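2 protein chains.
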Amino acid sequence: MSKQELEVLGQGADGGCCQALATAPLDEGQAAELAKAFKALGDPVRLRLLSMIASREGGEVCVCELTPAFELSQPTISHHLKLLRQAGLIDCERRGTWVYYWALPGALDRLGAFLTAPQPAGATA
Amino acid sequence: MSKQELEVLGQGADGGCCQALATAPLDEGQAAELAKAFKALGDPVRLRLLSMIASREGGEVCVCELTPAFELSQPTISHHLKLLRQAGLIDCERRGTWVYYWALPGALDRLGAFLTAPQPAGATA
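Top to bottom, those sequences are chains A and B. Letter by letter, the first sequence follows residues 2 to 126 of the working numbering. Letter by letter, the second sequence follows residues 2 to 126 of the working numbering.
In short, the hints are calculated from the structure, not lab data. It should be emphasised that the depicted structure is a prediction, and the values quoted were computed from it without experimental measurement. Some hints could be false.
It does not matter which identical chain is meant; a pair holds if it fits inside one copy or across any two.
[What the hints assert, rightly or not] Here are the computed lysine to any residue pairs in the SDA-like style, where the Cα-Cα straight-line distance is at most 20 Å:
#  : residue 1 : residue 2
1  : Lys37     : Thr117
2  : Lys40     : Gln87
3  : Lys40     : Lys83
4  : Lys83     : Thr24
5  : Lys40     : Thr98
6  : Lys83     : Pro26
7  : Lys37     : Glu61
8  : Lys40     : Arg95
9  : Lys37     : Trp99
10 : Lys40     : Glu58
11 : Lys40     : Glu94
12 : Lys40     : Ala21
13 : Lys37     : Gly107
14 : Lys40     : Glu29
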């Protein structure tokens, strides 16, 4: 995955901890970057594709296995996969005839942590 | 929050644990419901509004305090707030002249948990 894609999620590539939604108001730049990732998730076909990829034992899926699950053309599926990739949620590699996709769990975990309410620093704070 | 809004997040109202993205492929119904919530998050203005509401000490914010942060009309802000409410992420109440908004952290936590990779059942499994 490129550094550019990582930055789409509003995090540095160092994996450092991130602001949570409920910590403080987002500035415009943070909101624009995070909105790109959530927009990529905001489509049923893309969510199904991502869950098919992320839940695959072994970690990667041939595009030839994804397309038959949908009543959509190959170019349409490829377009949705491209949007997921541009959002930094999956990556891919061409091998011979087919392209193989895998999820980037770090990116999903960071988005998940962003949505989850921060735990108070002290147990009773 | 209405039961209908809770169901937008693809969960029952009982707060029971939910399928994670990486557990198994989503079916069409689950994907359609979850996509609505992520689509609501997929806009920078809505993300900023939601973070302003969710991070507010005391838990609620008057719409009169939200609008001045944006160079957008009151009806536009109200439309974005309506979409967040329809997605089950916030709720509101009118008191006199103004409407007051608060976040629904349970809904955000469930979406966050959905994105976060499931932990193996055994520590080293």
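>> Need the list of violated hint numbers for this structure, in ascending order.
In response: Hints 4, 5, 7, 8, 9, 10 and 11 are the ones this structure does not satisfy, whereas the remaining hints hold.
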